[in-house]
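Visitor: If you read the sequence shown in this note's numbering, its first letter stands for residue 1, the second for the next number, and so on.
Hint data in this document are derived by calculation from the structure and do not stem from the laboratory.
Glycine included, each C-beta is placed from N, C-alpha and C at the ideal position.
You may find that some hints are simply not true.
Stated by the list, open to error - Restraint-style ranges between C-beta atoms, simulated for each label pair:
{"no.": "1", "residue 1": "L427", "residue 2": "T134", "range": "34 to 42 Å"}
{"no.": "2", "residue 1": "A241", "residue 2": "P163", "range": "46 to 54 Å"}
{"no.": "3", "residue 1": "L250", "residue 2": "D441", "range": "28 to 36 Å"}
{"no.": "4", "residue 1": "S386", "residue 2": "L245", "range": "32 to 40 Å"}
{"no.": "5", "residue 1": "G380", "residue 2": "D490", "range": "38 to 46 Å"}
{"no.": "6", "residue 1": "G166", "residue 2": "D325", "range": "17 to 25 Å"}
{"no.": "7", "residue 1": "S500", "residue 2": "D30", "range": "37 to 45 Å"}
{"no.": "8", "residue 1": "A110", "residue 2": "H219", "range": "29 to 37 Å"}
{"no.": "9", "residue 1": "N472", "residue 2": "S500", "range": "30 to 38 Å"}
{"no.": "10", "residue 1": "H320", "residue 2": "H300", "range": "15 to 23 Å"}
{"no.": "11", "residue 1": "G166", "residue 2": "G51", "range": "48 to 56 Å"}
{"no.": "12", "residue 1": "G442", "residue 2": "G136", "range": "31 to 39 Å"}
{"no.": "13", "residue 1": "R113", "residue 2": "G166", "range": "51 to 59 Å"}
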Amino acid sequence: MKTHLATQPYWIDSASFPRFAKLDRDEQVDVLVVGAGITGLTAAYLLTAAGKSVAVIDRERCALIDSGHTSAHLTMVTDRRFKDLEAQVGRDHAQAVWDAGMAAILQIDAITRDERIECDFAWIPGYLHAPIGTNGSLAKSLEEEASLADASGFDVSFLADVPFVGGPGIEFAGQARFHPRKYLAGVARTIADRGGLIFEHTSADEFCDSPRSVKANGHTISYDSVVIATHTPLVGNASLASATLFQTKLALYTTYVVGGAIDKGRIPDALFWDTGDPYHYLRIEPHRDHDFVIFGGEDHKTGQTADTTACFERLERTLHSMIGDVEVTHRWSGQVIETPDGLPFIGETAERQFVGTGFSGNGLTFGTLTGMMAADRILGQKNPWSDLFDPARKSVRGGLVDYLRENKDYPYYLIRDRVAGAQGKSLRAVPRGTGRVLDLDGKSVAVYRDESGVTTQRSAVCTHMGCLVAWNMAERTWDCPCHGSRFKTDGTVLAGPAESPLEEPEE
1 MKTHLATQPY WIDSASFPRF AKLDRDEQVD VLVVGAGITG LTAAYLLTAA
51 GKSVAVIDRE RCALIDSGHT SAHLTMVTDR RFKDLEAQVG RDHAQAVWDA
101 GMAAILQIDA ITRDERIECD FAWIPGYLHA PIGTNGSLAK SLEEEASLAD
151 ASGFDVSFLA DVPFVGGPGI EFAGQARFHP RKYLAGVART IADRGGLIFE
201 HTSADEFCDS PRSVKANGHT ISYDSVVIAT HTPLVGNASL ASATLFQTKL
251 ALYTTYVVGG AIDKGRIPDA LFWDTGDPYH YLRIEPHRDH DFVIFGGEDH
301 KTGQTADTTA CFERLERTLH SMIGDVEVTH RWSGQVIETP DGLPFIGETA
351 ERQFVGTGFS GNGLTFGTLT GMMAADRILG QKNPWSDLFD PARKSVRGGL
401 VDYLRENKDY PYYLIRDRVA GAQGKSLRAV PRGTGRVLDL DGKSVAVYRD
451 ESGVTTQRSA VCTHMGCLVA WNMAERTWDC PCHGSRFKTD GTVLAGPAES
501 PLEEPEE
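Model the full structure from these sequences, guided by the hints.
Guide: Right, dumping it as structure tokens:
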């Protein structure tokens with residue numbers, strides 16, 4: 001076992017990144033973004049796309065610290081279990097938390113496709129499983145968790161025997177992985193191509209609120225709004241008292257990662273994480289002739305473990321026990337921030353000052369979400385998660401509107417069922433005398449099976465505005481939840497505003 005490896009993240013070692021100069025002049029922009037990781041670069045990307053002038057500053061290099069030290073799991077599934085979220089905030093709001101993560105993954109997918117960024121992005125399954133070697137005592141709780149998530153419209157299944165790791169667990173369809181540095185390099189280039197300003201080795205030294213500005217490298221950047229994207233938020237223009245109180249709500253943990261090359265196909269291309277506390281997590285990064293395994297865990301409060309080398313050594317021993325001999329060539333540690341209720345803090349901490357923190361084990365998804373929410377706020381657009389993640393929240397359950405009812409016109413909710421609501425992938429999932437929307441060969445198909453067992457298949461896409469229809473068991477019709485159109489089992493229009501029948505499924 002090698003204990004002398006430098007702590008160099010695989011992501012930094014395996015991808016180049018464009019360089020940007022230090023700030024050497026005064027500037028005036030619509031929006032200042034402090035921090036050039038996934039949060040800040042996502043916000044800058046969306047704001048420059050909307051025509052805003054933006055300057056991004058980072059005290060080091062872009063995507064080097066937190067976004068460069070990630071394990072790069074992209075999942076909507078939070079560290080806090082869905083059952084616990086439901087008990088804490090109610091079913092609709094628990095669903096909204098996971099929806100927010102899925103919306104972030106969809107945003108990454110969209111940016112990757114729109115900008116043609118080669119970053120190894122792929123949709124893959126995720127598996128929450130009992131720790132390897134434990135007995136089946138966790139099967140019941142995992143099955144209950146899967147049932148709750150399924151009832152909220154997520155594509156999940158309980159498995160008695162999880163691939164590769166064995167034992168009981170939950171399969172979450174539609175999770176993802178990518179190379180974060182390759183992705184963010186493409187995002188940064190796009191920002192610069194649009195005229196956005198990016199300055200590296202530029203610290204935010206002093207904030208002023210009248211006029212709104214920051215001093216950095218002896219120069220001044222004036223702005224209308226600021227996004228603090230520094231993982232642990234800077235005080236900025238918030239009062240010192242409120243910033244100090246806010247900091248007491250954050251608990252910082254260190255997590256460890258090791259990695260090395262393995263034979264191709266030895267581990268399935270999926271996300272794995274167990275129910276331990278602290279838990280282990282695993283994924284691969286595929287290459288043409290081999291795979292790179294990424295394995296992490298051993299979390300502890302930052303600064304509260306003296307022998308951090310032992311953390312890496314324990315991870316290596318565990319990895320060897322799982323897959324046999326592997327030469328670990330990279331190891332690194334990152335930092336995760338926990339909050340008292342398990343939900344991130346995303347929103348304003350001062351007038352026109354937007355922050356995001358407390359992402360726990362979902363740094364890439366919640367970081368992306370923060371960029372999305374910051375852009376919505378600055379552009380004056382509605383966002384369904386603003387109250388849910390409000391940094392000033394006292395109780396999520398009390399006094400909040402019904403997310404699913406009030407936010408169904410938000411772009412994500414118009415397509416939610418296409419990515420998270422399919423009720424199966426086989427015609428066998430449809431009982432006689434009922435209908436279900438299935439994912440068949442990547443297409444959403446409304447399938448009705450009559451009492452004799454004969455099935456009728458139509459596209460599940462409403463011909464009015466493109467939402468997905470849902471099965472009305474009482475009336476035996478396909479009803480559109482967006483605008484109320486209704487269709488017979490054969491796709492014929494029963495009630496508008498749709499004027500055309502459901503189409504035949506695409507071949």
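Visitor: It remains to establish, for every hint, whether it holds in the given structure.
Guide: Verification of the supplied hints:
A beta carbon spacing of about 36 Å between L427 and T134 agrees with the range 34 to 42 Å that was offered as a hint. Distance hint for A241 and P163: a CB-CB separation of about 52 Å, consistent with the stated range 46 to 54 Å. For L250 and D441, the Cβ-Cβ distance of about 45 Å falls outside the hinted range of 28 to 36 Å, so the restraint is violated. In this structure, S386 and L245 break the distance hint of 32 to 40 Å, their C-beta atoms being roughly 21 Å apart.
Checked against the hint of 38 to 46 Å, the C-beta distance between G380 and D490 comes to roughly 45 Å, which is consistent with it. Between G166 and D325 the beta carbon distance is about 20 Å. The supplied range of 17 to 25 Å therefore holds. Checked against the given bound of 37 to 45 Å, the beta carbons of S500 and D30, roughly 43 Å apart, stay inside it. In this structure the hint that A110 and H219 lie 29 to 37 Å apart at CB holds, the actual value being about 35 Å.
At about 19 Å, the CB distance of N472 to S500 disagrees with the hint of 30 to 38 Å. Distance hint for H320 and H300: a CB-CB separation of about 22 Å, consistent with the stated range 15 to 23 Å. For the pair G166 and G51, the beta carbons lie near 53 Å from each other, so the given range of 48 to 56 Å is met. A hinted range of 31 to 39 Å for the beta carbons of G442 and G136 is consistent with their spacing of about 34 Å.
Evaluation of the 51 to 59 Å hint for R113 and G166 yields a failure: the beta carbon distance comes to about 36 Å.
This entry does not satisfy hints 3, 4, 9 and 13, going by the numbered hints stated previously.
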